[in-house]
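There are 2 protein chains.
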Amino acid sequence: MMPDPAFAEWMRAVQVRMEAALDGFLPSDTEAPAQLHAAMRYAVLDGGKRVRPLLAFAAGAVFEAPEAALARAAAAVEMIHAYSLVHDDMPCMDDDALRRGKPTVHVQFGEATALLAGDALQSQAFLVLAEGSDAVDPARRVAMLRLLADASGSRGMCGGQAIDLASVGLTLTLPQLEQMHRLKTGALLRVSVMLGALCGKTLTPTEEAALNDYAAAVGLAFQVVDDVLDATADSGTLGKTAGKDAADNKPTYVSMLGLEQSQALARKLRDDAHKALAPFGDRAHLLRELANLIVQRKA
Amino acid sequence: MMPDPAFAEWMRAVQVRMEAALDGFLPSDTEAPAQLHAAMRYAVLDGGKRVRPLLAFAAGAVFEAPEAALARAAAAVEMIHAYSLVHDDMPCMDDDALRRGKPTVHVQFGEATALLAGDALQSQAFLVLAEGSDAVDPARRVAMLRLLADASGSRGMCGGQAIDLASVGLTLTLPQLEQMHRLKTGALLRVSVMLGALCGKTLTPTEEAALNDYAAAVGLAFQVVDDVLDATADSGTLGKTAGKDAADNKPTYVSMLGLEQSQALARKLRDDAHKALAPFGDRAHLLRELANLIVQRKA
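Here the protein sequences line up with chains L and U, keeping their order.
Count along the first sequence from 1, add 41, and you get the number used in my numbering.
Count along the second sequence from 1, add 41, and you get the number used in my numbering.
No wet-lab data here; the hints were simulated from the structure.
It is possible that some hints are incorrect.
[Unchecked claim] Result set (SDA-like, lysine to any residue): computed pairs, CA atoms no more than 25 angstroms apart in a straight line:
{"hint": "1", "chain 1": "U", "residue 1": "242", "chain 2": "L", "residue 2": "187"}
{"hint": "2", "chain 1": "L", "residue 1": "143", "chain 2": "U", "residue 2": "134"}
{"hint": "3", "chain 1": "L", "residue 1": "291", "chain 2": "U", "residue 2": "153"}
{"hint": "4", "chain 1": "U", "residue 1": "143", "chain 2": "L", "residue 2": "153"}
{"hint": "5", "chain 1": "U", "residue 1": "291", "chain 2": "L", "residue 2": "76"}
{"hint": "6", "chain 1": "U", "residue 1": "90", "chain 2": "U", "residue 2": "191"}
{"hint": "7", "chain 1": "L", "residue 1": "291", "chain 2": "U", "residue 2": "79"}
{"hint": "8", "chain 1": "L", "residue 1": "242", "chain 2": "L", "residue 2": "326"}
[Claimed, not checked] Taking CB as the label site, the calculated pair distances span:
{"hint": "9", "chain 1": "U", "residue 1": "70", "chain 2": "L", "residue 2": "216", "range": "16 to 26 angstroms"}
{"hint": "10", "chain 1": "L", "residue 1": "214", "chain 2": "U", "residue 2": "71", "range": "16 to 26 angstroms"}
{"hint": "11", "chain 1": "L", "residue 1": "109", "chain 2": "U", "residue 2": "273", "range": "52 to 62 angstroms"}
{"hint": "12", "chain 1": "L", "residue 1": "297", "chain 2": "U", "residue 2": "242", "range": "54 to 64 angstroms"}
{"hint": "13", "chain 1": "U", "residue 1": "71", "chain 2": "L", "residue 2": "250", "range": "23 to 33 angstroms"}
{"hint": "14", "chain 1": "U", "residue 1": "309", "chain 2": "L", "residue 2": "90", "range": "31 to 41 angstroms"}
{"hint": "15", "chain 1": "L", "residue 1": "179", "chain 2": "U", "residue 2": "72", "range": "56 to 66 angstroms"}
{"hint": "16", "chain 1": "U", "residue 1": "105", "chain 2": "L", "residue 2": "247", "range": "38 to 48 angstroms"}
{"hint": "17", "chain 1": "U", "residue 1": "86", "chain 2": "L", "residue 2": "300", "range": "43 to 53 angstroms"}
{"hint": "18", "chain 1": "U", "residue 1": "72", "chain 2": "L", "residue 2": "90", "range": "28 to 38 angstroms"}
{"hint": "19", "chain 1": "L", "residue 1": "212", "chain 2": "U", "residue 2": "86", "range": "28 to 38 angstroms"}
{"hint": "20", "chain 1": "L", "residue 1": "249", "chain 2": "U", "residue 2": "141", "range": "40 to 50 angstroms"}
The model shown is predicted, which means the values in this text are computed figures rather than measured ones.
No residue lacks a Cβ here, since even glycine has one placed at the ideal position from N, Cα and C.
Extracted from the complex, chain L is given alone in its bound form (with noise of 0.2 angstroms):
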């Protein structure tokens, strides 16, 4: 099915917004240290899809969240999002010299440098998060700011990325693959839904079990379906190295169910999130619209 282009608007509206939001999130260039602030913009600016600020406006969206608030838990979320790939891609983990098409941070700038920009990014996302003077209560922002932290962390995506390392070369159940995802991507792009949402409103009991169940779904297809692009597009389309996880001998859905199966899941995980999304109605369009686009996607 093809993305309506009203939805195709929004996203592109989003994604311009974002840029504009992170440009003025971040310390300029031209103040001291120049070339840490360099290359945490570098890390940061003109790349990606920002998949994690359009479940943030989108969920914000059911619950009429202002503008404001939702850039700057957006930008919160991608600026955390930025460092992890940044020291991901350092040469003590995943030594990728690529990504988003672009020479990574430390070959770029070096790896001292690379490895500061992520720690100071990292602080960046707390701030701008904390420093917020817009609709959002004080209680309510506190909550937000645990949510991030507890997204970022041994609990969440640290500790997906140790379990990750952990398990390169080692045989993996299905259950053991899934909660190393659910921590490593799945986490942080649940805190996009939930600060979105809370940009919003305190939530209901019912209303985060079922956003929980839309995001956990949705996690999960996107890493199912990072999985067979790995296996399946080139790196030029990818903008990242194809191919890497089998060359790493790390395990992947397709390394374990295969494509066809692979591609199936993908498709009922994206039926799981519509159907948890079926209390909000209508308000939820673009929550549904994401989750086909997470699914569909080419890179």
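Got chain L; can you put chain U on it based on the hints?
Positioned in the frame of chain L, the structure of chain U alone reads:
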């Protein structure tokens, strides 16, 4: 002058309290991913003089801040400090093998785990500070999270490290050296004082300015003494590699001012710190003693 016995006892009590607090605020190393959690605990527990927690508790005492809130704020700052040491010791940064008399985290756990443990400790710091359900109201807690993020990032600690990195082999002016340290170590020492005080109450501008002056003087004194010790003490006493600054051709107070003038500067800064505390009278007794300790320390 000798520290009074009651102060020494207070210090020991805070250190014991902090060890327990940090232990409780860190995930268990029996929880998966176990290796990551073990590295985080190794980096934080059983080490260091806990200067930052001592500053937080001493500042809290000025405003009768509740202990539970202080332990939480102090633990957050100490986790930021600990993560910065883990990353700073890595081969692409200072490449140091010894810290607090033990092998550094990357020597003990490998570089990838060290990188992730540092990243996860930063998240954990914000999580610990955001999670409190103690006497600090949400608006004040947001302000504290903002201060911690600002002190940790590119306009604080990470920025100072970047300037330090860029200055190896260069001739710095004294103001440039001071600016580097004001960010690299000063920002986190200052935020320790501020967070401790904020655990007690929202500060008046006068209180804030006085604490700022105290923290600036103590922060700089701390660094001057560090340089003196690096030039005069042995590795066994320091628990880290001595003489490293000279070997790395890094600008230090000793290389710029000489030993005696550096020692005189440290004493002058201690006096400045004492003067800044005048408005608080006897309530600032512990902060005063800490300024003495920082200047007189032997390691």
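Each hint tested on the structure:
Proposed proximity of residue 242/U and residue 187/L is supported: the alpha carbons are some 22 angstroms apart, at most 25 angstroms. Under the criterion of a C-alpha separation no larger than 25 angstroms, the hint pairing residue 143/L with residue 134/U is consistent with the structure, at around 24 angstroms. Taking the CA atoms of residue 291/L and residue 153/U, the gap is about 16 angstroms. The hint holds against a cut of 25 angstroms. Distance restraint check for residue 143/U and residue 153/L: the Cα-Cα separation of roughly 23 angstroms lies within the 25 angstroms cut-off, and the hinted pair is therefore satisfied.
About 19 angstroms separates the Cα atoms of residue 291/U and residue 76/L, which keeps this hinted pair within 25 angstroms; it holds. The hinted pair formed by residue 90/U and residue 191/U meets the criterion: a straight-line CA distance of about 24 angstroms does not exceed 25 angstroms. Between the alpha carbons of residue 291/L and residue 79/U the distance comes to roughly 24 angstroms, so the proposed pair stays at or under 25 angstroms and holds. As the CA atoms of residue 242/L and residue 326/L are separated by approximately 18 angstroms, the hinted pair is consistent with the 25 angstroms bound.
In this structure, residue 70/U and residue 216/L meet the distance hint of 16 to 26 angstroms, their C-beta atoms being roughly 23 angstroms apart. Look at residue 214/L against residue 71/U: about 21 angstroms separates their beta carbons, and that is inside 16 to 26 angstroms. A C-beta distance of roughly 54 angstroms is found between residue 109/L and residue 273/U, which places it inside the suggested range of 52 to 62 angstroms. For residue 297/L paired with residue 242/U, a C-beta distance near 57 angstroms keeps the hint of 54 to 64 angstroms intact.
Remark: the range hint 23 to 33 angstroms for residue 71/U to residue 250/L is upheld by a beta-carbon distance near 29 angstroms. Taking 31 to 41 angstroms as the suggested C-beta distance range, the pair residue 309/U and residue 90/L does not conform, at roughly 56 angstroms. Hint check: residue 179/L to residue 72/U, Cβ distance near 31 angstroms, so the stated range 56 to 66 angstroms is violated. Range check, residue 105/U to residue 247/L: about 43 angstroms between beta-carbon atoms, so the 38 to 48 angstroms window is met.
Restraint check, residue 86/U to residue 300/L: a C-beta distance of roughly 47 angstroms satisfies the suggested window 43 to 53 angstroms. Separation of residue 72/U from residue 90/L is about 33 angstroms and conforms to the stated range, judged on CB atoms against 28 to 38 angstroms. Checking the proposed 28 to 38 angstroms range against residue 212/L and residue 86/U shows it holds: the Cβ atoms sit about 34 angstroms from each other. Separation of residue 249/L from residue 141/U is about 43 angstroms and conforms to the stated range, judged on CB atoms against 40 to 50 angstroms.
Of the numbered hints listed earlier, those contradicted by the structure are 14 and 15.
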